[in-house]
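One line per chain: the protein sequences are V, Y, S and D, in this order. Numbering (this note's numbering) for the first sequence: 340 to 679. Numbering (this note's numbering) for the second sequence: 340 to 679. Numbering (this note's numbering) for the third sequence: 340 to 679. Numbering (this note's numbering) for the fourth sequence: 340 to 679.
Some clues are possibly wrong.
One copy or two, it doesn't matter: identical chains are merged, so the pair holds either way.
With a cut-off of at most 30 Å between alpha-carbon atoms, the simulated DSSO-like pairs for lysine-lysine come out as follows [what the hints assert, rightly or not]:
hint, residue 1, residue 2
1, K616, K406
2, K671, K409
3, K361, K425
4, K616, K375
5, K535, K517
6, K406, K539
7, K535, K516
Worth flagging that the hints you see were computed from the coordinates, not collected in a lab.
Number of protein chains: 4
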Amino acid sequence: MIIVMNNTATEEQIENVVSRIKQKGLEGTVSKGTEKTVIGAVGDERLLDPELLQSLPGVEQALSIVKPYKIVGREWHPNDTVVNVKGHLIGGDHIQIISGPCSVETPEQMKKSADGVKAAGVKLMRGGAFKPRSSPYSFQGAGLDGLDMFREAANNSGLPMVTELLDVRHLDAFLDKKVDVIQIGTRNMQNFELLKEVGKIDVPVILKRGMSATISEWLMAAEYIAIGGNHNIIFCERGIRTFETAYRNVLDVTAIPVLKKETHLPVIVDPSHAGGKAFMVPALSRAAIAAGADGLLVEMHPNPCEAWCDADQAINPDELKVLMGELSAIAKILGRTISD
Amino acid sequence: MIIVMNNTATEEQIENVVSRIKQKGLEGTVSKGTEKTVIGAVGDERLLDPELLQSLPGVEQALSIVKPYKIVGREWHPNDTVVNVKGHLIGGDHIQIISGPCSVETPEQMKKSADGVKAAGVKLMRGGAFKPRSSPYSFQGAGLDGLDMFREAANNSGLPMVTELLDVRHLDAFLDKKVDVIQIGTRNMQNFELLKEVGKIDVPVILKRGMSATISEWLMAAEYIAIGGNHNIIFCERGIRTFETAYRNVLDVTAIPVLKKETHLPVIVDPSHAGGKAFMVPALSRAAIAAGADGLLVEMHPNPCEAWCDADQAINPDELKVLMGELSAIAKILGRTISD
Amino acid sequence: MIIVMNNTATEEQIENVVSRIKQKGLEGTVSKGTEKTVIGAVGDERLLDPELLQSLPGVEQALSIVKPYKIVGREWHPNDTVVNVKGHLIGGDHIQIISGPCSVETPEQMKKSADGVKAAGVKLMRGGAFKPRSSPYSFQGAGLDGLDMFREAANNSGLPMVTELLDVRHLDAFLDKKVDVIQIGTRNMQNFELLKEVGKIDVPVILKRGMSATISEWLMAAEYIAIGGNHNIIFCERGIRTFETAYRNVLDVTAIPVLKKETHLPVIVDPSHAGGKAFMVPALSRAAIAAGADGLLVEMHPNPCEAWCDADQAINPDELKVLMGELSAIAKILGRTISD
Amino acid sequence: MIIVMNNTATEEQIENVVSRIKQKGLEGTVSKGTEKTVIGAVGDERLLDPELLQSLPGVEQALSIVKPYKIVGREWHPNDTVVNVKGHLIGGDHIQIISGPCSVETPEQMKKSADGVKAAGVKLMRGGAFKPRSSPYSFQGAGLDGLDMFREAANNSGLPMVTELLDVRHLDAFLDKKVDVIQIGTRNMQNFELLKEVGKIDVPVILKRGMSATISEWLMAAEYIAIGGNHNIIFCERGIRTFETAYRNVLDVTAIPVLKKETHLPVIVDPSHAGGKAFMVPALSRAAIAAGADGLLVEMHPNPCEAWCDADQAINPDELKVLMGELSAIAKILGRTISD
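This is chain V alone, in the form it adopts within the complex (with noise of 0.2 Å):
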C-alpha cells in the first residue's frame, strides 16, 4: 500500500503512519518527494485498511496496491476454470446457451419451453419459479409449486435446470429438487448472508452482477462464495443502470475483455434483461459472443405476447434457433464451440 502524505504533514504525522504500519507487522520505508511525502507499506497490504489510515492526520491518500481478491483472480490461477454442469461444460473453449422463460407459469408452458430449447440446439434451461418484482402488486413467481413444474420438464427433457435463490429460507427446497445450477440474482448481489450459504454447497453458482456494481464489488461477491469452498462460480453481465432512459440497461460489453483478464471464472450475459426489448436480443447475444463471453442467458418463450412477465424482452423459439445459428458461426471464427 502507498500512503500520500499532504504538503503540510509534520514529522511527527509521519511518524504516527509508520507506527501504525509496524503494529500490523509490514515494514513502512518513508520517500520525500519534490512535493509529497510518500510511505510505502511492504508486506501482506490486505492486513493494512485504507480507509482507516486516510482517517489520520496529515494522511491524504492510502492506495492499495494488490488486488483485494484472491480465490477468484486470475493473478493466481492462471489458467482458465470450466465448469461442467451435467457434463456440459462452461469456460475455455466452451460456450454454453442457457435458455427458457422468464417465469416458470403452467406445466404445458414449460413442456414447450424444453421443446423449444431443444430443437434450437440448446442444452440448458432456464426458468424462474421466484421472481423479485419492483411491485408488491405484480406477479411474485409460482414458487415452489413452479419448482415443481420446472423439475418435471426437466426430467422429461433432460435438460440440467437453472433457477434463481431469492431467499437462505429456499434453499433446502433448492437441493431437495437438485436444481443443477442457482442463480443470483442482480439485486442480490451484495446479498452477503445468501452468498455465503451458497458458499457451502457445491451446486455451481451464476452470479448475476448488481445493477450498479463495479467490476471490484463483482469480484468481491464472487470470492464470498469462493471463501466458502465452492469455486463453480459463472459471472453473469446483464446490464448496468446508466443515465440512458431508451433503454432499460446497457449491457456493459466491455466488462466480458476485462472480467476474463481479472478472473479465471467463466463469463456470460444476459441480452435479454440488458435491452428489455426482444428486438434487441439478437445484436446483444452476437455482440457477446464475439467479445468473448463464454455463454448467454437468454429468454424465451413459446408465446411471448402471453408471458406474465417481462414478455417484452423474450424472443419465441424460432427466434432462438436462428441465433443460435448465428452464435455458433461467430464462435468458429474465435476458434471456440457451443453446445457441445
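Starting from the structure of chain V, add chains Y, S and D where the hints point.
Relative to the frame of chain V, chains Y, S and D by itself:
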C-alpha cells in the same frame, strides 16, 4: 394508461390492444391523431402491465398515468405521518437526529458513545452489530454479542436503539432484544423477502435508499413493507452512485423535496455514508435540514481514528455538539424543532 | 401530446390547458378517467413545449408522443442512407473501418501510419491535428501544421482523411485542405454553433456521442446539422460515462440496434476511446460489428509505446491486420461486406 | 508518481520504466514488495504522462500523487479569493444571489424582472440572450437584440448583468456591451477554445459544471481560463446527470465542501436548472447556502407561466423575496452575509 401505437399500426392491431384492455375490466378509447393513434385505458390501471402491452404488435409505448404506489403515497394520505419512537417524534414539525458509531465494538466504546450522544442533546442512538462489507476479509460486525452490548448501553442511557437487520433469520433476535428501530440497509432495499418480514411487525423501520435506486423503486420498496401492515416507515437518503470519484457517493438533496411531495412518511438523511469523509458531514447535515429533511442518521465515534470500520466518516462528540447547535438554528428558521 | 392533470385539478385549470393548446392551432380532447383527467392535444405537437405546459396550474405531466426529430428519423425515411466518401460507402450493406493514430505527430509517423492502414486493407484514415485535452498542460495537437502533414500522407497513400474540428474559426482551413470527413468530438456534440456551421457544407460529418448524451439528445444534435442541408451524417458511439472505474468508458453496444431502428443514417463505433486500453480493442471491435455497426473508428499507431497521446489505447499495424480478418468473417455472417 | 509493475514484470521492463522517468528529468526509485515492484518517480511529476507510462510493458498502473491543477488549487493559494463585480463581493464571508429570467424576451419583461430582483434585495441580474437548446426547433434566444434589451434594463436598474457566452465569435459584442459577468454554460465547460478566449480578458467568468464532469475535470477547465491570466473565476454547480428520472438533474451538494477545500475560488449553485421545477428551488437554495456555497444563480420570472423557455423552473418575484429572507438567516448562522 395511455398506449401509443406506432405510425404503421393496422386496424387489427389497434383492436387487439383494445380487447386486451377490456379483458382486464377497463375501457379502451381510441383517438386518432394526425400522426399516431393513441388508446386510453380507463379504469384501475394497476391491473394492466405496461410491459405486456408494449410487447403487443403495433404498440410503440405504454405510459402509466397513475402512481404505482398507494399506501405510502401522499395522493391518498395528504397529511404528514409522524412516527413515534418511545415518545420521540419524527415527521411533521419534529426533527430527530440519530447518532452513534458505525459498528458496535466494545461495551466501553458503546458507553462512551451513548455519553457523547446524550451530551449533544441527541435523543436516539445508532450502532451496527451486523455489518454488510464488500470484502469477506473485512470485519463483519460483532453479531449477536454486539446486539447485547448495544442493548445494555441503550438501557443505561435511556436512548432508544437503532440498528441494521441483514438477514431474515436474525429477526427473532432483534425482537427479543427489543430493538427500537430496525434499519434496512442500502444493499437490502430490494431484498423483498426481508421487506415482507418487517412489514409483519410493528417496530419502526428506516428504509435506506438503494445505491442506485430511483425514487419510484424506493417508494415501491416501502409499499412492500406497508402492505404487510407496518406503516411506521422512515425513508433515509444516503447518497447515490454516480460517475464522480472524488467522493464515495453524491448526497441526493433533490430527493428530499420530491419525496416529501410524493409521500406522507418522514424522510431522513445519512450524511456520513453519503460523503464518506468526516469533513463533509457538517455541510451535508446542514444542507439536509435546510432542504426539509425530518432527521439525520449521523455517525459519531468517541475516537474516530481507532474505529473498526468507516473510521474516515465519523465525527467526534465535540463536533456533534457544535453541529446540533447549527441544526437547531436552521430548523427554527423553517418553523421546526429538533430533539423535542 | 398527452397532458395528465393531477387529481385535484379544477375545471378552470383543465379549460386553461385546453385554451393554451388551441392557441397553438391544435385540438384539445378531454377524457376523465376514474382517478385522473387526461387531455390529448391533436395536431402538430412539435408546436407545443411540454415544459411550458407542465408549469401550468393543475398539470402533473405532459408527454410527447411524436419523435422530436424529423430529418434524421427513420419514421419518415425508412431506407438506409449510404454515405459516400470518395467512392467508399458506409451504411446499408457496406461497412468501413477508419484507422490511424490518435494525434498527427510527424510526417514520418503519418507515412508509416498510412502504410499500416493500407496493409490491413482499411480504406479510410484518421488522425487528430487539433486535440481537446482535459489539461491545459497536455499536448494540444500539431494544429495547422498537423493538417498539412496529414494532407500529404493522405495524398501519397490515396486514403481519404478524417479529422476532428474543434473551433468554428478553423472551418475554412479544413475546407481549404479538403478534409474528406469532419469529425465532431464528444465534447462538442452539443456545441450547437459548430453543428450549425457544418450543416451548411457538404462534407460528410462524423458526430460522436457526448460522454453522457442520451440517444434522443444525440439524434437532436444530428438534426441541427441536417436542418442546415448536410445529410451526410455518421453517428459514432464512443463509450459513455458511468459509475464504473475499471475502464475509461462503457461502450454502449445497446445503442447500435436502437439507433439503427430510430435513424436511417449510418452508425459506427470507436472501440479505442471507449475502453481506453489496447487489449480491449479487438473484443470491442468484434462486438460492434456483430451488433450491426456500419463501421469503426479505431486507433492504430506504428509504435504505440511512443505515441504522443492516448498511447495506451492504440493497437499496432499487425494487430489491425489480424482484427480486419476477424471483422470480415463476422460481417459475412450478417450478409455484409467490409472495405469494398 | 507511483508506477506499480505487475507481478510478472521482468528486470528489463523495470529498467525501461526507470529510464523513461530519467529522460524527463525525474529520479526513479525502485522498491520491491512481497508481491509487486513499485517505482517512485521523484521530481516534477506534471512532466510525466501516466497514460504513456501505463502503456509500457510490465506496467500495471501509474498513479499521480500531485494535483494536476496549480493556479486554481488551494494548495498553493490557501486564502479565499473574493471576486469583485462592480463593488459586489463574492467569496470569503460574502454571499451574492444572482437572479433574473432564463431568457431575455422583451424590454418590458426585462424591466419587470429588474424590479423584482431589486425588490428582493438581490444585487446582480441574470438573463440569457443566446440559449443552447437541445432541439433546433426550440427558441434559440433573442441574440444580439437580447443583449441590448438586457444592457438597457441593467443600466436603468444599476444592476450588473450576467449572461451566457456560447460562441467565440460573440466575444467582441459581449465586451462592447460591457457584460459584467460572462457565464460559460454546462455544454461548454470543455469547449477549450472558448475557455482560452475568456482567459485573455479580465471580465469575471462563471464556469458552470459540465452535466457529467468530474470535480477534477472542472478544476482543469478553470485552469484553462486561469492560465491565460484571468483569475476572476466563479464555479457554478448546476446539477449532474444520474440514473434518476424523477427530476432533471441531481444537485451535487457534496461538491460544495469538496470544491471549497480544493480551490480558493468562489463556488455558487444554480438551484433552478438542477431540479428543473420551481417547487424544488427554495429547498435546494437553502441547502446550497447551508452547505457553504458563496452564492446562487436562481431563475426568477415576473410571470413564470408565460416565460419563453424553462418556464417550469422559474420562481416569481414574491417567492424570491421570501427565499432571500430565509437565506439571510441561514447565512448569519454560518457567520456570513448576503448581498452586502
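Structure-based check of each hint:
1. For a Cα distance limit of 30 Å, the shortest separation of K616 from K406 across copies, 19 Å, qualifies, whereas the shortest one inside one copy, 37 Å, does not.
2. Taking identical chains as interchangeable, the C-alpha atoms of K671 and K409 are never at most 30 Å apart, the minima being 32 Å within one chain and 42 Å between chains.
3. In this assembly of identical chains, the alpha carbons of K361 and K425 never lie at most 30 Å apart, being 50 Å within a copy and 47 Å across copies at closest.
4. Taking CA atoms no more than 30 Å apart as the test, K616 paired with K375 passes between copies only; the shortest distance there is 21 Å, against 53 Å inside one copy.
5. Taking CA atoms no more than 30 Å apart as the test, K535 paired with K517 passes in both settings, with 19 Å inside one copy and 27 Å between copies.
6. For a Cα distance limit of 30 Å, the shortest separation of K406 from K539 inside one copy, 24 Å, qualifies, whereas the shortest one across copies, 42 Å, does not.
7. Taking identical chains as interchangeable, the C-alpha atoms of K535 and K516 lie at most 30 Å apart whether they share a chain (20 Å) or sit on different chains (25 Å).
When the structure is compared with the earlier hints, violations turn up for hints 2 and 3 and for no others.
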